[in-house]
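Participant: One letter stands for each residue in the lines below.
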Amino acid sequence: MPNQENETIIELKAISKRYGLGDAESYALHNFDLTVKRGEFIMIMGPSGCGKTTLLNIIGLLDKATSGEYKLAGKSVERISSRKKAQFRAKEIGFIFQSFNLIPNLSVIENVSLPLIYSGYRKTRRLKMADNILEHFHLREREYYMPYQLSGGQQQRVAIARSLISNPSIILADEPTGNLDSRSSHIIMEELQEIHSLGNTIIMVTHNPALTTYATRVINMLDGEIDTDIKTVADQDLPKPGDPEKISVRILSKKRPVELEVDSKTKVVVTGKNVTIEDSSKPKANEEPKEETDSEEHKIEVKKTSKKPAAKPEKKRSRVGKILDKAKSKSKSKKKEKES
Amino acid sequence: MALLLNTHFHLAIDSLRQNRGRTFLSALGIAIGVASIVLILSLTGGIDRLISTNSNKEYANLILVRPSTTKSVTDNIIDELTSNNQYVKSNLTLEDVETISKIKEVSAVAPLAISNSAITVNDRVHQGTSIVATNADLEKILGLHIKNGQFLDYSLRENVAVIGYDIATQMFGGTEAITKTFSYNGQQFMVVGVLDKVEDPINFNGVDLDNSILINIKYASTFESSIQIQQINVRTNTTDDVAKAVDSINSGLAKAKNGDQSFELITGDTNLHPAGSLLSIISSMLTLVASISLIVGGVGIMNIMLVSVSERTREIGIRKAVGASASNILLQFLFESIILSILGALMGFILGYIFAFLISLITPFAPHISWEILGITGAVSIIVGVIFGIYPAIKAASKDPITSLKFYR
Chain Z
1 MPNQENETII ELKAISKRYG LGDAESYALH NFDLTVKRGE FIMIMGPSGC GKTTLLNIIG
61 LLDKATSGEY KLAGKSVERI SSRKKAQFRA KEIGFIFQSF NLIPNLSVIE NVSLPLIYSG
121 YRKTRRLKMA DNILEHFHLR EREYYMPYQL SGGQQQRVAI ARSLISNPSI ILADEPTGNL
181 DSRSSHIIME ELQEIHSLGN TIIMVTHNPA LTTYATRVIN MLDGEIDTDI KTVADQDLPK
241 PGDPEKISVR ILSKKRPVEL EVDSKTKVVV TGKNVTIEDS SKPKANEEPK EETDSEEHKI
301 EVKKTSKKPA AKPEKKRSRV GKILDKAKSK SKSKKKEKES
Chain A
341 MALLLNTHFH LAIDSLRQNR GRTFLSALGI AIGVASIVLI LSLTGGIDRL ISTNSNKEYA
401 NLILVRPSTT KSVTDNIIDE LTSNNQYVKS NLTLEDVETI SKIKEVSAVA PLAISNSAIT
461 VNDRVHQGTS IVATNADLEK ILGLHIKNGQ FLDYSLRENV AVIGYDIATQ MFGGTEAITK
521 TFSYNGQQFM VVGVLDKVED PINFNGVDLD NSILINIKYA STFESSIQIQ QINVRTNTTD
581 DVAKAVDSIN SGLAKAKNGD QSFELITGDT NLHPAGSLLS IISSMLTLVA SISLIVGGVG
641 IMNIMLVSVS ERTREIGIRK AVGASASNIL LQFLFESIIL SILGALMGFI LGYIFAFLIS
701 LITPFAPHIS WEILGITGAV SIIVGVIFGI YPAIKAASKD PITSLKFYR
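Protein chains in written order, with this note's numbering: chain Z, 1 to 340; chain A, 341 to 749.
No lab work stands behind these hints: they were computed from the structure. Keep in mind the model is a prediction, meaning the values are calculated, not measured. Ideal Cβ placement from N, Cα and C applies to all residues, glycine included. Treat the hints with caution; some may be incorrect.
In silico SDA-like pairs for lysine to any residue, Cα to Cα no more than 25 Å straight-line [unchecked claim]:
{"no.": "1", "chain 1": "Z", "residue 1": "K84", "chain 2": "A", "residue 2": "H350"}
{"no.": "2", "chain 1": "A", "residue 1": "K746", "chain 2": "Z", "residue 2": "H30"}
{"no.": "3", "chain 1": "Z", "residue 1": "K123", "chain 2": "Z", "residue 2": "E135"}
{"no.": "4", "chain 1": "A", "residue 1": "K746", "chain 2": "Z", "residue 2": "R140"}
{"no.": "5", "chain 1": "A", "residue 1": "K735", "chain 2": "A", "residue 2": "H350"}
{"no.": "6", "chain 1": "A", "residue 1": "K739", "chain 2": "Z", "residue 2": "P104"}
{"no.": "7", "chain 1": "Z", "residue 1": "K84", "chain 2": "A", "residue 2": "T653"}
{"no.": "8", "chain 1": "Z", "residue 1": "K84", "chain 2": "A", "residue 2": "A342"}
Across the chosen pairs, the derived CB separations fall in these ranges [said to hold, decoys possible]:
{"no.": "9", "chain 1": "A", "residue 1": "G361", "chain 2": "Z", "residue 2": "E25", "range": "47 to 53 Å"}
{"no.": "10", "chain 1": "Z", "residue 1": "K84", "chain 2": "A", "residue 2": "Y731", "range": "22 to 28 Å"}
{"no.": "11", "chain 1": "A", "residue 1": "I682", "chain 2": "Z", "residue 2": "D181", "range": "45 to 51 Å"}
{"no.": "12", "chain 1": "A", "residue 1": "I727", "chain 2": "Z", "residue 2": "N167", "range": "40 to 46 Å"}
{"no.": "13", "chain 1": "Z", "residue 1": "D229", "chain 2": "A", "residue 2": "K746", "range": "41 to 47 Å"}
{"no.": "14", "chain 1": "Z", "residue 1": "N167", "chain 2": "A", "residue 2": "L344", "range": "17 to 23 Å"}
{"no.": "15", "chain 1": "A", "residue 1": "R357", "chain 2": "Z", "residue 2": "D131", "range": "20 to 26 Å"}
{"no.": "16", "chain 1": "Z", "residue 1": "G74", "chain 2": "A", "residue 2": "R360", "range": "38 to 44 Å"}
Isolated chain Z (complex conformation) (with noise of 0.2 Å):
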């Protein structure tokens, strides 16, 4: 595992974000400081007017600073002219909205191309990146549907769909659950999570406190300023685009014991906090794994994550069938409970 820092993509100091002036002045940010790596998967909180939005509107180069310097990339965003910056938003930004901004009379894969058409390809191209991206999320035969015909959480993976189309290093989302119930939520968040595992660096803006586990790094802002900052993993075990395949698991259910079937050999079993455990013949020590080898009766979906998940077959497994999965196994273990 390459143990090297990753480089530093976003780099805010003293940004203030003023709105009004004079007796009306009120500020949104407020001498703020952030540095984001590759690879980071933030967790902005805070309660609302704290400047969360703002914040992210000014990283992705749709609103300015009143003062402070921001450099994306290494380069001050100061200098950059209204269109290199609107070439960046479409090859290096990707957005994902609460309301999933969708263009409601373009059907879907007309908008998850959208970004494609600013940076200049064809529209045969665009159509087929969008066609393998949409396969991904496994939307392919909702293609020509209108967004209206689709369910809210489809709607949601298809605005993520067309934030990953031009492949960008930095992906903001702005409450992308917001409008989503549970089920979808966590649909969503594995989309992110998956996004996030391979390399790339998102910044969420979220109201929900229960998201934070999948974050690497969890801000709390109040007023425009940050009031807590805690990284949950640290900067040398980020995620990198060259890392080696590895399978991570996520456990819904904290309260009882679960086990996990990697293989007809290995079984683990869980207790509380999540965990990401590596192929058996290669153990890697990401997070705590408690390893028992027991029980058969709780299976839980292992998922596989690699550079080019579009290309594994095994990746075809449906969110359906995982969350099928997932509700066998709740059932098989209220089942146990009773015979116990």
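The hints should help you fit chain A onto chain Z, whose structure is shown.
Facilitator: Leaving out everything else, chain A in the frame of chain Z:
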């Protein structure tokens, strides 16, 4: 760049397609403007062509001698056009015709003395028949075709007449009118020839030969005391001789009339001058009025585009967030308005042509749509599209992405 333009073109087409009804209606405004311009220009073009069909070729070596009037001194074209040549007191005489015929560049001379009189056929009186007193040279000068019989001839007896195609039908019930007689001014005339239908009923002679009776001017001068020669048609041997002949006629007539310059010579293109000028004035006036409707159509497009921009504020925000620059948005909306106006222009061409065709069914001429008309109206409507589309497009391009993304319909 070409790829980007192509993409914007397709984006614009797509978004126009999504609002077919609205697209059609806003293009209709332009269509009506273009249709009326095409209609006016094609009709005036048709009339113009009707008049000038032969003038440039067959009439190039033609000189018209007319009595001059005060109106040509004023140079006021409206005056000139609205006054009537026929009733000007003429001082051209048969001697002048004789003088001109002696000039060596001249191959044929035919005086025209036009009057409207009553004639009697089989005791039936036909009022207001146009009688043209002329000579045998007229056939050569105008290139007239004879349907039956022959033209006036110096070898024939004097009291003969050649009648027009329509008047033959009117008076004698057909073109087989040879040897039939009629009386005019107390004299008996015999029909010796019937003219074929002429191609240009509106011409520089100021007379419709289809509805005229041609008689011998020498004979007419014997029973009509003061014969009025309104015009002398002169044909030269070749086109190159025209200038020389004009000089000779000028000097010859001036000499014969003892320095009286009360006549004027008209050559070549100026033959058609009155009709052409009138037409161009009328058609430019009408086109001007019609272009007002084009402007109204343009305002309609602007209105629709403004509505569309405000309706699609959120879309603009999304596009900007995923990487569209201001110029991308500007081009997208500008293309929409240009396409609307081109669509309108195409619809207008078709509508205009249909109207022109329908009108041509009741007029004696066919509408004439030239490539110039199509090109100019097409270009004008594109310009209208740009002018009226640029403001909404700028408005769209300058929208702030953040506020646009918060926009809810």
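Participant: Are the Cα atoms of K746 (chain A) and R140 (chain Z) separated by 25 Å or less?
Facilitator: 30 Å, violated
Participant: Could you grab the alpha-carbon distance between K84 (chain Z) and T653 (chain A) and see if it respects the 25 Å cut-off?
Facilitator: Roughly 22 Å separates the two Cα atoms, so the pair holds.
Participant: Has the given pair, K84 (chain Z) with H350 (chain A), been kept, meaning a C-alpha gap of at most 25 Å?
Facilitator: It holds: about 24 Å lies between the C-alpha atoms, which stays within 25 Å.
Participant: Holds or violated: the 40 to 46 Å window for the beta-carbon distance between I727 (chain A) and N167 (chain Z)?
Facilitator: Holds - the Cβ-Cβ distance for I727 (chain A) and N167 (chain Z), about 42 Å, lies within 40 to 46 Å.
Participant: CA of K739 (chain A) to CA of P104 (chain Z), is that 25 Å or under?
Facilitator: This hinted pair holds, its Cα atoms lying about 19 Å apart.
Participant: Checking one constraint from the list: CA of K123 (chain Z) to CA of E135 (chain Z), max 25 Å. Satisfied?
Facilitator: 18 Å, holds
Participant: Regarding I682 (chain A) and D181 (chain Z), is the given constraint of 45 to 51 Å on their beta-carbon distance met?
Facilitator: 48 Å, holds
Participant: Straight-line Cα separation of K735 (chain A) and H350 (chain A) no greater than 25 Å?
Facilitator: 21 Å, holds
Participant: Is the straight-line distance between the alpha-carbon of K746 (chain A) and that of H30 (chain Z) 25 Å or less?
Facilitator: 23 Å, holds
Participant: Need the status of pair K84 (chain Z), A342 (chain A): alpha-carbon distance at most 25 Å?
Facilitator: 19 Å, holds
Participant: Between the beta carbons of G74 (chain Z) and R360 (chain A), is the distance compatible with 38 to 44 Å?
Facilitator: 50 Å, violated
Participant: If I claimed the Cβ atoms of N167 (chain Z) and L344 (chain A) lie 17 to 23 Å apart, would that claim hold in this structure?
Facilitator: The hint (17 to 23 Å, Cβ to Cβ) holds, given that N167 (chain Z) and L344 (chain A) are roughly 21 Å apart.
Taken one by one, the earlier hints fail for this structure at numbers 4, 13, 16, listed in ascending order.
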